[in-house]
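Asks: With the sequences and hints as input, model every part of the structure.
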Amino acid sequence: MNSRIRAIVPAAGLVLLAAVPLAAALLDQPFYLDLVRRIMIFAIAALSLNLILGYGGMISFGHAAYLGVGAYAVGVLAHYGINDGYLQWALAIGASALVALAIGAISIRTSGVYFIMITLAFTQMLYYLGISIEEYGGDDGMRLQVKSQFPGLIDLNDANAFYYLVLAILVLALFLGQRLVDSRFGMVIRAAKSNEVRTRSIGFSPYPYRLAAFVIAGAVCGLAGALLVNHTAYLTPEFMNWTRSGELMFMVILGGMESIAGPVLGAFALLLLEDALSGWTQHWQLVLGPLLVLSVLFLKRGLAGLVFAKNE
Amino acid sequence: MGNKTLSTVAIGIAAALLASGPALAQQKVKIGFITTLSGPQGVVGEYMRNSVELALDHLGRKMAGLDVEVIYGDDQVKPDVGKQVADEMLKKHQVDFVAGIIWSNVMLAVAPTVTDAGKFMIGTNAGPHELAGKQCNELFFTTSWQNDDTPEAMGKVMQDQGITDVYVMAPNYAAGKDMVNGFKRSYKGRIVDEVYTRLGQTDYQAELSQLRSKNPKAVFVFYPGGMGISFLRQYSEAGLRGQFPLYSVYTVDEISIPAVKHAALGQYETRYWSPDLKNPANQKYVSDYRRKYGKMPVFYGAQSYDGILLIDSAVRAVKGNLADKKGMIAAMRKADFASTRGKFSYNTNHFPIQNFYLLKAVTGPAGEDPVMEIQKTVFTNHRDSYAKECAMK
Amino acid sequence: MNLFLVLEQALNGLQLGVMLFLMAAGLTLVFGIMNLVNLAHGSFYMVGAYLATYFYQATGSYLLGVSLGLAGTLAVGVAVELVALRTLYERPHLDQVLATFGLILFFNELAAILWGRAAIYTTLPDYLAGHVELFAGLRYPLYRLVIIAVGLAVAGLLWFVVARTRLGMLIRAGASNRAMVAALGVNVRLLYTLVFGFGAALAGLAGLMSGPIHVVQPGMGELILIEVFVVIVIGGIGSIRGALAGALIVGMADTLGRAFVRPMLATVLSRTAADTAGPALASMLIYLLMAIVLALKPQGLFPARA
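Chains as they are written, first to last, in our numbering: chain C, 1 to 312; chain E, 313 to 705; chain X, 706 to 1011.
Bear in mind the hints are in silico, worked out from the structure with no lab data behind them.
Mixed in with the good hints there might be a few duds.
As the list claims (entries may be wrong) - Computed footprint of chain C on chain E, listed as stretches where at least three residues anywhere in the stretch have a Cβ under 8 Å from a Cβ of chain C:
| # | stretch |
| --- | --- |
| 1 | 409-421 |
| 2 | 480-490 |
| 3 | 604-614 |
Said to hold, decoys possible - Once the Cα atoms are required to be at most 27 Å apart in a straight line, the calculated BS3-like pairs of lysine-lysine come out as:
| # | chain 1 | residue 1 | chain 2 | residue 2 |
| --- | --- | --- | --- | --- |
| 4 | E | LYS672 | E | LYS526 |
| 5 | E | LYS688 | E | LYS705 |
| 6 | C | LYS147 | E | LYS526 |
| 7 | E | LYS468 | E | LYS672 |
| 8 | E | LYS590 | E | LYS431 |
| 9 | E | LYS655 | E | LYS590 |
| 10 | E | LYS637 | E | LYS374 |
| 11 | E | LYS446 | E | LYS468 |
| 12 | E | LYS431 | C | LYS147 |
| 13 | E | LYS631 | E | LYS705 |
| 14 | C | LYS147 | E | LYS446 |
| 15 | X | LYS1002 | C | LYS193 |
Each residue gets a CB set at the ideal place from its N, CA and C atoms; glycine is no exception.
Replies: What follows is the structure, given as structure tokens:
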């Protein structure tokens, strides 16, 4: 029964997501296409965070940094008239991987609260850096005049095409993420989370594995940043604000850390909730705050824990 | 909003799609008003929304005989959220006009979204130079000002008074630098030093110590919102108020005065509007606002009030035929409505050509807070500096 | 650069430092003893400022307002501990971060409903306003000197309590080995509630002292919270001594950075380059400092659990 649910739910989710453009067109409600696309982009970011957070036990409070680096990589190239999508996205992935390598190399030496805070500190530095660079709009940010160009492959100005591209990347990220956590590499990461001493004693030094996971997560989040800047057609240092990092963490926790798909559920739940509550009352944060507290207290395994019954 | 709640509960997307059918053929004017309603910055949004409601009261909630529906959206000071709210208004609620927006960065993300969809964007605060210049659009109008106008006016005041050796301070972000650049466009005297502080900083003691050591003749600052409140208090507390005259833009207004009271006294600001501006529309707006909400209105509100009246003037001109975009553009360009700032006209880039005044915070009526009072007119029919970059004629 | 200016800036740094210390002391104890990451600590800063302002206006007496504000913040702290946070002690840090982030939203919005979103008016009694002439030519606001004095007095008192009393012994023992303290039959729950409440009250003290010179509005706690985290991480979590050292280091570095980085850069770079790089570097300075400290000493300067 469990295994059947485990197979059916993701498949049903995929079918539903794939049907959104059609349904939106039939109902003449294209807004939902935008909404779901934005949510999926954040889902990719949350999913990348979960690789290190849920599986690796590395509580990064600065994951929004890579969202920003990815967005700036695209935006800065576009600023200088380079609109080639392959180049832009490669830079987005490469630059965020590099930044993750630098941040990770220092941060992973620490643990616990120190790790939380040092990742936060690095993201704050990048945030203030973004605000200070006048050439790229400083705090105002800048508009992405032309979306990333993929001649012959896809036109991002076509809302449906862009939607399916994001969906495809999400599915690919889910698939590769699952492969990664099931691999030997993933085993070491998970083992290091549950018992570092034992991992060391069986001959694995967790540091390089953790660092590699940190870099992979940063790179995937950088790609989400490239998608986000194309979605919004705008970028600002605000993408790197510490509250964004907090929101990404929320998506992970709310959705559930024990499965690859959990953060995707979390992204949908949080962003839809935010949209609905803010339409209902200006004091929506008064409701959202306690809801978050309650979800932490009572939904120990996240929303995914509700959907999938416990394995054992 | 029942539809929306339902859509949330369902994690499945289909439910969200089924929940709201296509909008019915409309017989009303729909306006999406985007501002910041939540979080600490929500205070500005509150004044804006109140003023929109007051304008609707004054119009009897009808424009050219059509019912008016205003849908409010909260941008949370985030450009991407602002864009999403705008998308929702355009595509789901199918509004005819999007209005509001406090922040330049939110505006730069939202305005193209709206105008590309062929709808009107009526800015009621943010006036970034991009939209005044190269990115100007026939569907974009603003009832506020271009960011540089106000500091240009203050620069002129100080230039005309022959003040030299000015010490300049602003937060280290785009608007801060814009303000200083605007100031320097009309102030040509010596600048002792230009200091940029951290955005959101609340303690200025270190900077004030530096300032005193440089012994300037006057000080020009731009500290909006909470930063301004901290700055003014500390400026007074450090005993600098009597020593170095302080000139500011967007630092002292009717939102910050109740928090600083006497620490604002004697403060100079430049602005296109003031509660004591003598014209019937403004006097009605101010007195009705005070009666309805128990507070002094602020310029953010006056602009938003004007924004609704501007839309009304266009809807009336085309007799409610909202499909007549050309007619509405032509009507808006005339600025034919009773503005709280008095009669003004539109420049080719759809930014106002208007007067700017020197304001001073003076003692209010007994038992009340200080009030802003117009001292003199600085600019008459001032045009912003970017209109020449705009392709529209 | 004249000597008085450097001296004055050092005083400014000291004042910022003691303010940060008041916030950091409670936070680091709660970290060290209950192992709780409390993002909502900034909310107590806000609660203290609002309550003291409210009671000062209601009673007309500044000292009464301050006392009631402190007592009120203590009560709020205890209530939050009992209702929400008690169940979080055994939970992973992640849950704590999220739940207390939720509390921030709640408190900010509650303050907005009770007092409005706009900043409220706060003021000082006349006997605390004005300046003192420290040396010929160096005038300094009296109130800031009072802040420094109160902060140092609290630091001394805390040192006495932690180093010389039975309660302090339990606190120290709790920070280094919680299980052992519980095993010795100490009422750990009560100890936790007490420590949390007083930590909240110290944050409230920082908030109500900053109220008249900063800005009292919803969200005011978050502006300082991140800096306080930097302080306790640099100092070493759980260590009062570390919190004091960290606070003074951060206070000085931030103040001196803001005052002198740009002029110093201007001597080696062009004026425009210094104008761009100076403020950016000053904004990042404390984070840079923290990264360097952690790179060299991953447990901070004064680790509580050696």
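Asks: Each of the hints needs a verdict: does it hold here or not?
Replies: Here is how each hint holds up against the structure:
no.: 1; hint: 409-421; in the structure: holds (count 4)
no.: 2; hint: 480-490; in the structure: holds (count 5)
no.: 3; hint: 604-614; in the structure: violated (count 0)
no.: 4; hint: E:LYS672 x E:LYS526; in the structure: holds (26 Å)
no.: 5; hint: E:LYS688 x E:LYS705; in the structure: violated (32 Å)
no.: 6; hint: C:LYS147 x E:LYS526; in the structure: violated (49 Å)
no.: 7; hint: E:LYS468 x E:LYS672; in the structure: holds (16 Å)
no.: 8; hint: E:LYS590 x E:LYS431; in the structure: violated (34 Å)
no.: 9; hint: E:LYS655 x E:LYS590; in the structure: holds (12 Å)
no.: 10; hint: E:LYS637 x E:LYS374; in the structure: holds (19 Å)
no.: 11; hint: E:LYS446 x E:LYS468; in the structure: holds (26 Å)
no.: 12; hint: E:LYS431 x C:LYS147; in the structure: holds (22 Å)
no.: 13; hint: E:LYS631 x E:LYS705; in the structure: holds (26 Å)
no.: 14; hint: C:LYS147 x E:LYS446; in the structure: holds (19 Å)
no.: 15; hint: X:LYS1002 x C:LYS193; in the structure: holds (22 Å)
Violation of the numbered hints given earlier is confined to hints 3, 5, 6 and 8; the remaining hints are satisfied by the structure.
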